[in-house]
Amino acid sequence: MTTHTADGPGGGRGPGYGTPAGTTPGGVPDSAGRRAADLLRTGFGLLGPRHGRHVLPAAELDTLALPIGDDGVVIGVDADGQPAVLGLNRPTPYDVVLIGGLWTAQVLALRAAATGARVAVETGRAQAWTQMVHAMGGGQNGLAVYDVGRVPPQGASAGTPVLVVRDCGMRPPRGRVVSGPWQSVLTLLPYLSPVAPRLVRQARLVGVQRISPDEAAELGRTMALPRADMDSLPTLADGVTLWCADRDRQYVMTQPTDAEVGLLGTPRRMD
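Take 1 as the starting number for the sequence shown in my numbering and just add one per residue.
A hint or two may mislead.
Simulated restraints, written as ranges between beta carbons of each label pair [stated by the list, open to error]:
1. 126 x 60: 56 to 64 Å
2. 176 x 135: 37 to 45 Å
3. 131 x 228: 36 to 44 Å
4. 213 x 116: 34 to 42 Å
5. 258 x 60: 40 to 48 Å
If you're looking for bench data, these hints aren't it; they were derived computationally from the structure. Beta carbons: idealized from backbone N, C-alpha and C, even for Gly.
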């Protein structure tokens, strides 16, 4: 059996026992040692793992993958009870049309502001948004209300994304402020109006709440909805929205928090 002494196995000197690595026997750092010490101090040239448990075989690299979902606004839960997330802050223009009630649009605005986005509301009924503005600090904390056609440029950026909510009635005029990088636009239509088909075709995402059977049939033709979805639209409960993007469709129930109930009341389709 070999005995290990302070001078290393078999009595020979080696790194970690007698003379420190990178020095001469007299203790004076040699040029290579000085360079290594400098690199270590500056954070470069760090030594790799010295133990087997820190090493992962290449075949197992996939096990390091992390299940990271989309970031955005939680707009409710889907049919399986899982959170439904809407990514509003995007580097490309993003237009959303919601055929539904003011309550849902206001919840989306509140939650978008809570994620750090600035919300600009263009509306002809400013009194309907007054309580929200006051609750959020008088427009100083992420939400401001403007008359129709009076929304100024918002200066959206990756650091300060913007959501423009257009609550302009059945026939909203063409907006002065349109969607762009880091600036999404949500247009609220209380019912299916004559301008709805154009807005729906231009939108990247369409949300539909309870509408009449005739409206459901017309919208079904515009959006090529399956018959089952057309039949379900007149029967949707308050707070339920059918969200459609390209060929994807998902029913979502928006469940308010206690704070949202205190501010906006319970879910409702009619205002």
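Tested hints:
1. 126 x 60: 56 to 64 Å: At roughly 59 Å between Cβ atoms, residue 60 and residue 126 fall inside 56 to 64 Å, so the hint holds.
2. 176 x 135: 37 to 45 Å: violated, 27 Å
3. 131 x 228: 36 to 44 Å: holds, 38 Å
4. 213 x 116: 34 to 42 Å: holds, 41 Å
5. 258 x 60: 40 to 48 Å: holds, 45 Å
The structure does not agree with numbered hint 2 stated previously, though it agrees with all others.
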